[in-house]
Amino acid sequence: MLDARDRQLLEQIQTGLPVCPRPYAEIGTTLAMPEAEVLERLTQLKQQGLIKRMGVIVKHHQLGYRANAMIVWNVPDNLVKQLGRQLSQFAFVTLCYQRPRQAEWPYNLFCMIHGKDRETVLKQLEQLNANCDLVGLEHNILFSRRCFKQRGAVYQPTNTTSLTHG
Amino acid sequence: MDDIDRHIINTLQAGFPVCDAPYQQVAMQLGLTEQALIERLQTLLNNGTLTRFGPLYHAELMGGALTLAAVKTPLDRLAEVTEIINAFPEVAHNYARNHALNMWFVIATETPEEISRTLTAIEQQTGLTVVNMPKINEYFVGLKLEA
Numbered sequence: 001m002l003d004a005r006d007r008q009l010l011e012q013i014q015t016g017l018p019v020c021p022r023p024y025a026e027i028g029t030t031l032a033m034p035e036a037e038v039l040e041r042l043t044q045l046k047q048q049g050l051i052k053r054m055g056v057i058v059k060h061h062q063l064g065y066r067a068n069a070m071i072v073w074n075v076p077d078n079l080v081k082q083l084g085r086q087l088s089q090f091a092f093v094t095l096c097y098q099r100p101r102q103a104e105w106p107y108n109l110f111c112m113i114h115g116k117d118r119e120t121v122l123k124q125l126e127q128l129n130a131n132c133d134l135v136g137l138e139h140n141i142l143f144s145r146r147c148f149k150q151r152g153a154v155y156q157p158t159n160t161t162s163l164t165h166g
Numbered sequence: 167m168d169d170i171d172r173h174i175i176n177t178l179q180a181g182f183p184v185c186d187a188p189y190q191q192v193a194m195q196l197g198l199t200e201q202a203l204i205e206r207l208q209t210l211l212n213n214g215t216l217t218r219f220g221p222l223y224h225a226e227l228m229g230g231a232l233t234l235a236a237v238k239t240p241l242d243r244l245a246e247v248t249e250i251i252n253a254f255p256e257v258a259h260n261y262a263r264n265h266a267l268n269m270w271f272v273i274a275t276e277t278p279e280e281i282s283r284t285l286t287a288i289e290q291q292t293g294l295t296v297v298n299m300p301k302i303n304e305y306f307v308g309l310k311l312e313a
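Same order as they appear, the protein sequences are chains D and H. The numbering used here numbers the first residue of the first sequence as 1 and each following residue consecutively. The numbering used here numbers the first residue of the second sequence as 167 and each following residue consecutively.
Keep in mind the hints are simulated off the structure, nothing from the lab. Keep in mind that the hints are not guaranteed to be accurate.
[Said to hold, decoys possible] Dumping the calculated DSS-like pairs for lysine-lysine here, alpha-carbon to alpha-carbon at most 30 Å:
| # | chain 1 | residue 1 | chain 2 | residue 2 |
| --- | --- | --- | --- | --- |
| 1 | D | K52 | D | K116 |
| 2 | D | K46 | D | K59 |
| 3 | D | K59 | D | K123 |
| 4 | D | K116 | D | K59 |
| 5 | D | K149 | D | K123 |
| 6 | H | K238 | D | K123 |
| 7 | D | K149 | H | K238 |
| 8 | D | K123 | D | K81 |
| 9 | H | K301 | D | K123 |
| 10 | D | K59 | D | K149 |
| 11 | H | K238 | D | K46 |
| 12 | H | K301 | H | K238 |
| 13 | D | K116 | H | K301 |
| 14 | H | K301 | D | K59 |
| 15 | D | K149 | H | K301 |
| 16 | D | K46 | D | K81 |
| 17 | H | K238 | D | K52 |
| 18 | D | K116 | D | K81 |
| 19 | D | K116 | D | K149 |
| 20 | D | K123 | D | K46 |
| 21 | H | K301 | D | K46 |
| 22 | D | K52 | D | K81 |
| 23 | H | K301 | D | K52 |
| 24 | H | K301 | D | K81 |
[Said to hold, decoys possible] These stretches of chain H come out as covered by chain D in the derived footprint (C-beta under 8 Å, 3 or more residues):
| # | region |
| --- | --- |
| 25 | 184–191 |
| 26 | 200–207 |
| 27 | 283–296 |
[Claimed, not checked] Quick list of the computed label-pair ranges, beta carbon to beta carbon:
| # | chain 1 | residue 1 | chain 2 | residue 2 | range |
| --- | --- | --- | --- | --- | --- |
| 28 | H | Q291 | D | A130 | 21 to 29 Å |
| 29 | D | H61 | H | R243 | 24 to 32 Å |
| 30 | H | N212 | D | Q150 | 14 to 22 Å |
| 31 | D | D133 | H | C185 | 25 to 33 Å |
| 32 | H | L227 | D | E40 | 12 to 20 Å |
| 33 | H | L227 | D | K59 | 22 to 30 Å |
| 34 | D | G136 | H | D168 | 41 to 49 Å |
Since the model is a prediction, treat every value here as computed from it, not as a measurement. Ideal placement from N, C-alpha and C gives every residue a C-beta, glycine not left out.
Input sequences plus hints: build the corresponding full structure.
If you want it as structure tokens, here you go:
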């Protein structure tokens, strides 16, 4: 499990990695931790899955991705896992979850497509329906109309943890 | 943003190495010098094309909790309800969507117990029923957008 040094490290890098030739050495200097220990701990945190990945987080609007669609299907319970895995193989599917059905909300399989425009997203949806044998299943497509709030990921060991789309 | 920038973004969305000279390693892969990569990345961060360059944490493994929730907001209360919901620090994202359930938001908290507390508080303050849709299974984690 996480020890105090791991927590310090996670807190230190949460806002971003230094952009310089020896970023992990620089983090180590701040924390009075040798570079080798920083590398070792980060490698382990990645292996344990606490760090899903390192990399860039883009602003989808800036890259021209203006059509953000949540697509939902009502699929038989025994097929959810198989279909979820199939859908997530498509490069344009950015997130894919099983969620509980609700009163007046019969859908149990959710995926997100971030597309450049609605027409493209609708074509991609057709592709999913055809390739994954989803034609005829009850579904719905919810485009985002406005973004009311979008804050970055925050991790404060003593306070709150937040990320991605739940 | 030119093709080299796009190439950098696409490569770095897939991951970033944990080793002593990671930029050098990525630069080699991209056919750039380490200095050119560092300069371009810094520019993309400074001009807001990239929000962040760093780790993506697994909230639940960190002890935190997340859920997706939605409300049916009467159209004449949209502004008021948006303001109430966005005021919660636990609300990470909030989007209007084209459905009777017209407001969809993600709640992220330090502990699972705080999720239900937050949902109840939102119901009390808005007078609306919050539909809670926590994930049962996740099939994909890598949010990748081709630049």
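Here is how each hint holds up against the structure:
1. Between K52(D) and K116(D) the CA atoms are separated by roughly 26 Å; this keeps the pair inside 30 Å, and the hint holds.
2. For the hint linking K46(D) to K59(D), the alpha-carbon distance of about 24 Å falls within 30 Å, and the restraint holds.
3. Between K59(D) and K123(D) the alpha-carbon distance is near 23 Å, which keeps this suggested pair within the 30 Å criterion.
4. The suggested pairing of K116(D) with K59(D) holds, with an alpha-carbon distance near 13 Å, which does not exceed 30 Å.
5. This hinted pair checks out: K149(D) and K123(D) have alpha carbons roughly 28 Å apart, not beyond 30 Å.
6. The straight-line distance between the Cα atoms of K238(H) and K123(D) is roughly 28 Å, inside the 30 Å bound, and the hint therefore holds.
7. Between the alpha carbons of K149(D) and K238(H) the distance comes to roughly 17 Å, so the proposed pair stays at or under 30 Å and holds.
8. The hinted pair formed by K123(D) and K81(D) meets the criterion: a straight-line CA distance of about 24 Å does not exceed 30 Å.
9. For the suggested pair K301(H) and K123(D), the alpha carbons sit about 26 Å apart, so the restraint of at most 30 Å is met.
10. For the proposed pair K59(D) and K149(D), the alpha carbon gap of about 13 Å is at most 30 Å, so the pair holds.
11. Pair hint K238(H) plus K46(D) does not hold up; C-alpha atoms about 39 Å apart against a cutoff of 30 Å.
12. Proximity of K301(H) to K238(H) is assessed by CA-CA distance (about 20 Å); at most 30 Å being required, the pair is judged to hold.
13. For the hint pairing K116(D) with K301(H), the CA-to-CA distance comes to about 26 Å; that is within 30 Å, so the pair holds.
14. Distance restraint check for K301(H) and K59(D): the Cα-Cα separation of roughly 24 Å lies within the 30 Å cut-off, and the hinted pair is therefore satisfied.
15. In summary, the hint linking K149(D) to K301(H) is supported, as the alpha carbons are separated by about 21 Å, within the 30 Å threshold.
16. At roughly 25 Å between alpha-carbon atoms, K46(D) and K81(D) fall within 30 Å of each other, so this suggested pair holds.
17. Proximity of K238(H) to K52(D) is assessed by CA-CA distance (about 33 Å); at most 30 Å being required, the pair is judged violated.
18. Of the supplied pair hints, the one linking K116(D) and K81(D) holds, its CA atoms being roughly 28 Å apart against a limit of 30 Å.
19. For the proposed pair K116(D) and K149(D), the alpha carbon gap of about 20 Å is at most 30 Å, so the pair holds.
20. A distance of roughly 36 Å separates the Cα atoms of K123(D) and K46(D); the hinted pair therefore is violated under the 30 Å criterion.
21. Restraint check for K301(H) and K46(D): satisfied, since their Cα atoms lie roughly 22 Å apart, inside the 30 Å limit.
22. With a CA separation close to 21 Å, the supplied pair K52(D) and K81(D) stays within the 30 Å bound.
23. For a cut-off of 30 Å, the pair hint linking K301(H) to K52(D) stands: about 17 Å separates their Cα positions.
24. Between K301(H) and K81(D) the CA atoms are separated by roughly 13 Å; this keeps the pair inside 30 Å, and the hint holds.
25. With a cut-off of 8 Å between beta carbons, the region 184–191 of chain H has 7 residues touching chain D; three or more are needed, and the interface restraint holds.
26. Coverage of the region 200–207 of chain H by chain D holds. Counting CB-CB distances below 8 Å, 3 residues qualify, and the rule asks for three or more.
27. Evaluation of the coverage hint for the region 283–296 of chain H: breached, as 0 residues show C-beta separations to chain D shorter than 8 Å, against a requirement of three.
28. Between Q291(H) and A130(D) the beta carbons are some 44 Å apart, a value that contradicts the proposed interval 21 to 29 Å.
29. In this structure the hint that H61(D) and R243(H) lie 24 to 32 Å apart at CB holds, the actual value being about 27 Å.
30. Hint check: N212(H) to Q150(D), Cβ distance near 20 Å, so the stated range 14 to 22 Å holds.
31. The hint said 25 to 33 Å for the Cβ distance between D133(D) and C185(H), and at roughly 43 Å that hint is violated.
32. For the hinted restraint 12 to 20 Å between L227(H) and E40(D), the CB-CB distance of approximately 19 Å keeps it satisfied.
33. In this structure, L227(H) and K59(D) meet the distance hint of 22 to 30 Å, their C-beta atoms being roughly 26 Å apart.
34. Take G136(D) and D168(H): their Cβ atoms lie about 45 Å apart, and the range 41 to 49 Å holds.
Comparing the model with each numbered hint stated earlier shows that hints 11, 17, 20, 27, 28, 31 do not hold.
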